[in-house]
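Enquirer: Take a look at the letters that make up each chain.
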Amino acid sequence: MVATPQKPAYKVIGTRPVRPDGVDKVTGRAAYGADVVLEGMLFGSVLRSPHAHARIKRIDTSKALALPGVKAIITNADFPAQESGTLDLGEGSANPKWLVDNVLAGDKVLYHGHAVAAVAAVDWHTAEEALGLIDVEYELLPFVINVREAMLDAAPILHHDLRTNVRARNVDTPKDRETNVAMHMRVEKGDLAAGFAEADIVIEREFTTSQFHQGYIEPQNGTAHWNHDGQITVWTSTQGAFSVRDQVATLLNQPVARIKVVPMEIGGGFGGKIPVYLEPVAALLSKKTGHPLKMWMSREAVFQATGPTSATWNRVKIGAKRDGTLVAADVSLCFAAGAYPGSAVGAGVLCALAPYAIPNQRIDGFDVVTNTPKTAAYRAPGAPAAEYAVEATVDEIARALDMDPLDLRLKNAPEEGDTNSSGAPWPRIGAKAVITAIKESAHYNSEIQGDNVGRGIALGFWFNGGMESSSSVAVNPDGSVSLILGSTDIGGTRASLAMQLAEALGVPYEAIKPQVVDTDSIGYTAVTGGSRTTFAGGWVAYDLGQEIRKRLTERAARIWGVDISTVTYHDDAMITGTDKDGKEQRFTFEEICRRLPSTGGHIAVSAMSRRNTAGPAYAGHIADVKVDRETGKVTVLRYTAVQDVGTAIHPSYVEGQIQGGAAQGIGMALQEEYWYDDQGHLRNGSFLDYRMPVANDLQPIEVILVEVPNPGHPFGVRGVGEVPIVPPQAAIRNALRDAIGVNFYHTPVTPTRILDELLPRA
Amino acid sequence: MQALRYARATSIDEAMRMLQEGGETARVLAGGTDVIVQARERRRVIGLFVDIKHIPEVMALEYDPQRGLRIGSAVPLYRVYGDANVQRVYPALRAAAHVIGGKAIQGRASLGGNLSNASPAADSIPTMMASEAVAEIAGPNGRRDVRVNEFCTGPGRNVLQPGEFVVTLRFPQPAPHTGQAWERFIPRNEMDIAVVNAACALTLSGDTVTAARIAIGAVAPTAIMVPAAAEALVGRRLTDDTIAAAGAAAKDAAIPIEDMRGTVRQRKHLADVLVQRVVRAAAEKARGN
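Protein chains in written order, with our numbering: chain A, 1 to 762; chain B, 1 to 289.
In short, the hints are calculated from the structure, not lab data. Be careful, since some hints might not be right.
Facing chain B, a subset of chain A residues (Cβ under 8 Å, in silico) [what the hints assert, rightly or not]:
hint, residue
1, Ala199
2, Val202
3, Glu396
4, Thr631
5, Leu755
Derived Cβ-Cβ restraints for the label pairs, each shown as a range [to be verified]:
hint, chain 1, residue 1, chain 2, residue 2, range
6, A, Arg167, B, Ala3, 54 to 64 Å
7, A, Arg629, B, Asn289, 28 to 38 Å
8, B, Gly102, A, Trp124, 23 to 33 Å
9, A, Asp153, B, Arg40, 41 to 51 Å
10, B, Gln20, A, Asp60, 34 to 44 Å
Here a beta-carbon is modelled for each residue, glycine too, at the ideal position from N, C-alpha and C.
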C-alpha cells in the first residue's frame, strides 16, 4: 500500500468493520426483489420475440385470455403514447418513446427476446402457459447484428425516422437520410497533421470487441400495486429508486407524487439495473387487474433483453517519437447501441486517450443501432473497449521502439494541469503514482519463467461521477445515530457512508445505524452508479456531521448557559467548555445525547449535496498468462491490480470492488461473448454457455491501493468501483503477445481464436 | 412448467405399469437434472414423472472382481466417484462422473440419466463406451442388454422403446495390465459442457498394446467409438508415432458441427489432441496395473 503523506490520521476511515447488511445476507434473510409477497398477489410473465427483426402485424390474445387463471394481457398499445424527448436516468439518458417501445415492442420487434406482450395470472405457471396461447403474426424483416455492417448504406434500417445527430464540425456525415448511425461526435485538440508529421513511428490498428453482459446474479424483477386511490407502489431491485420512479412516472404518464418506489436488496447491477423493464409493466397489469402483481425474468430473458454492453469496432492510429514521446493520436470508435440509440460511445471517446498526455489528437465516436438488445451501462461504460484499443496499440509502439512498456507509459502519463481530450485541465490525479507503484511492485519485479508464458500491463482511466445525494440523520438519546440513505447499496455504501459520518462526528462506526429507504422517505438521490456514491454520499455525511456538531455544541452552550463560541466540539466527540459559574464542563457524545430529550428535544437534520469535484481514477494491471498451445487454453498465472483510490474508506470493500472489476474484465478478455446464429438468434443466453469465469478459473487477484486523496472531497474520496474493469482486456492481450508472439485484435481471445492463430492454415 | 403428475415406483414392475399408463408423455425421473429442466423450459411435453429412485435395484452399486461393476441407473454421481472400487478399478469413470455439473448436480444426476439423455457431449458416455459397459434395459417385453456404444442413435435419441428404461449399467472387470483414462476440453475449469471429450481403455503386454478401445464425444451426433484409432495401436509398441496415428484417426473420424461451444476445425484438432493425451494417460495406468 502506497499512502501519500497528506492523509490525516483517521480513526474510522481505513478500518475494516463488519458490514451492516452482513448477517442478513449470509443467513438468507435479506429481502431481494423476488422475495416480495403481498396479499392477493398475481404473477406476470412476458412473451418475447422469436425474431431478430419483424413487423408485428397482429396480436390475438383471445385464446390466452380464455385460459382459466389468466386475469389480463397488455401490449405496447396499453401504455400512454410517448413523444420523443430526453429522460435523465442518472447514468445516461433515455428517450421515452424508445424506452416504452423497449419495455413492450411497438410496431416492430427489434431483437430476439424483445418483449411483445405481458400476462397477469393467478400463478407463474399459468402465466407462462398463457404465453404459448398468444398468437402473434410477424412479417419478417432483414436484420443486422454487426456494428460495421449496420453502418453500411445498404444495411437494413431499424428506425426509419432516425437521422444522424452530428456533434462534430467539418465532417461530411450526412444528417438527412435514413441511417442506423444515431450520433457522430468528435473531440479534438492540437494539430493532428502536424503531430503525425513530427512522429518517427506511426502505428495504426483496428480492433473489435464482442458484446458482454453484466452477469449480475439476481435477475431483473418488479412488483407493483396500483391502489384504488391511484397511488402506485413499486418494489424492485435497482441501482436508483428515484430513477425508477421517474421512468415509471413518465411511461405511465403519472405525477411522481403518485409513485413510491421501495428499493429491495440488490443482487448485483454493474450499471444494468438502471433502466426499467418490468416495473411499468407490472404497474399497468396491477391497474388492469386491481391486484398487486409480481414479475421476474428468467436468466435467458436477462441475457436476451437486458443491458449488455456494446459490441464495438475501433481504429487507433498513434504517432511517437523515437524517444517514446507520443505526439499524435487519431481514434475512431463505433459502438453498437442495440435496438435503440444511446450506447456509451461518448464516455469511450472521452476516456480513450485519458491515460496519456498527447498534444495532438482527434477522437470520433459513432452510436449505431443494431438488432440486438438495447445496451445499458456496464461498469465504466464505454471505457473498456476504447482503452483496450489504445493500450494494445501503445504496447505495439513500445515493442517497435524497444522500450519498456511501463517506461513508455510513465513518459507520457498526464499530471495535474495537463489537459484532457476536451482541453480541460486535469485536477490532482494519480496516473504517475499508479505507474510508479507498478514499477515498484513485487509482481512486476518478479521473473516469469517457462515456455508460452508471458506478462502484460495496461492502464485504465475512468472519470467518476458526482451528482446528487440526500441523507437524513437522527441523533438518539442512547448516543446512536440513524443515517437514512437514498442510495441503494450495491457495493458497500451503507458501511462506507456510516464510516464517513462516524469520522465526521468522532464517534465509533458501531454508533451509526444506516438504512436505505423508499422514495417517499428521503430527498432525491441519483443512482448508485458512476462510482459516485461513496464520494457524493460521503459529502452529505460530512455536511451532516458538521451540522450535528454545531447543534450539539449549541445544546451544550444552552445547558451551561454560555455563548456557543466558548464551547468546543473535539474530534473525539468530546464537548468541553466553561459554564456560567466559571466551572469547567464536559460532555461525552453519549452524555449530551442522553440530555437531548429534556433540554429542547432530539436532533434530526437532512442534507443534500451536488458537487462536481469527483476525482478521476487511474488503474494499472499486471497479468501473467500461460498458453496451452495444443488446446488454446489460457491460464492466468498471476494478476495484480494497482489503483489510485483517493482514500480507501473501507479497504476490504475497496479491494473487493477492484477484484470484482478485474474478474469481469478477465472474463471479457478470455471467455465471455454473445453468440448469435445466422438467424440473429442469441444462442448462449445462459450461464452455462455465456462463459463467465467461475471461481477456480482465476487466481487470487492481488491489489495494491495507491492513495492520492481527491482535493475535492473532505476525506479525499475517489470512486473506485468502475475503473478496475478497464485494463484487463489489454493487459491479458499484451501478455498473450509476450507469451506466444501473437497480437490479437479481438476480445475475447477464446481458445478457438488462439487455435485459429496457432494451427497451420488449411 | 406445465402441471404434471408425479408417481413413485417401488419396483421395476410398478414403474413399467406406471409408464404404460402414462403413455407417450410419461418420463422416467431419476435425479431430474435433465428432465425437470426440460419440463420447466417447455422443451418437452411431460405429463407424468415416474420416480424410480425408490426401486432398490436402480440405486444399488456392487463390485466383484470376478463379475465386475454394476451401477444402478439412478445411483447419484457422488456415490459413483466416491466409491473406492470405482476409484481403483475404473479411474476414467470416476474422472468423468466427478466433473458433470457441480456439487449440487452430482448429488442427483446419474449415469442412467446421462446415458438416456443421449447428449452428444455427455461426459460419462465415452468412458462407458471405452470400458465396454452394457446397459440392462427393462421393458414391457422383459429385459434386454444393449452395449453403451450402441445405445445412442442421435442427439437426444436412443434405442429405448416406449415403456422401457435403463435399470443397471454393467462394467466388465478390466483385463490385467489395462489402464483407462478420460479427458475433456472446456474453456473454463469446471461447470461447462465439453467442446470435445475422449476416453481410452488400453491393455499392454510389456510395451506392446494388446487391446485398445477409444471413444470421443461432442464431435458427432452421438459419442462414437474410433476403431481406426485402436487399430493404430493394437499389436504395436507405444511410440510418439503410433500415438500420433491414433490421434490422427480420431481427427478423421470426428464429424463435428460448429456452434457456440466450438468450431469444426477446433473440434477436429481437439479430438486428435485429447485422444493422444488419453492414450498416454491410459498407458501410464496400464503399466501400474
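Enquirer: None of the hints should be skipped; say for each whether it holds.
Expert: Hints, verified against the model:
no.	hint	result
1	Ala199	violated, 40 Å
2	Val202	violated, 35 Å
3	Glu396	violated, 26 Å
4	Thr631	holds, 5 Å
5	Leu755	holds, 5 Å
6	A:Arg167 <-> B:Ala3: 54 to 64 Å	holds, 56 Å
7	A:Arg629 <-> B:Asn289: 28 to 38 Å	holds, 31 Å
8	B:Gly102 <-> A:Trp124: 23 to 33 Å	holds, 25 Å
9	A:Asp153 <-> B:Arg40: 41 to 51 Å	holds, 45 Å
10	B:Gln20 <-> A:Asp60: 34 to 44 Å	holds, 39 Å
Hints 1, 2 and 3 from the list above are not met by this structure, while the remaining hints are.
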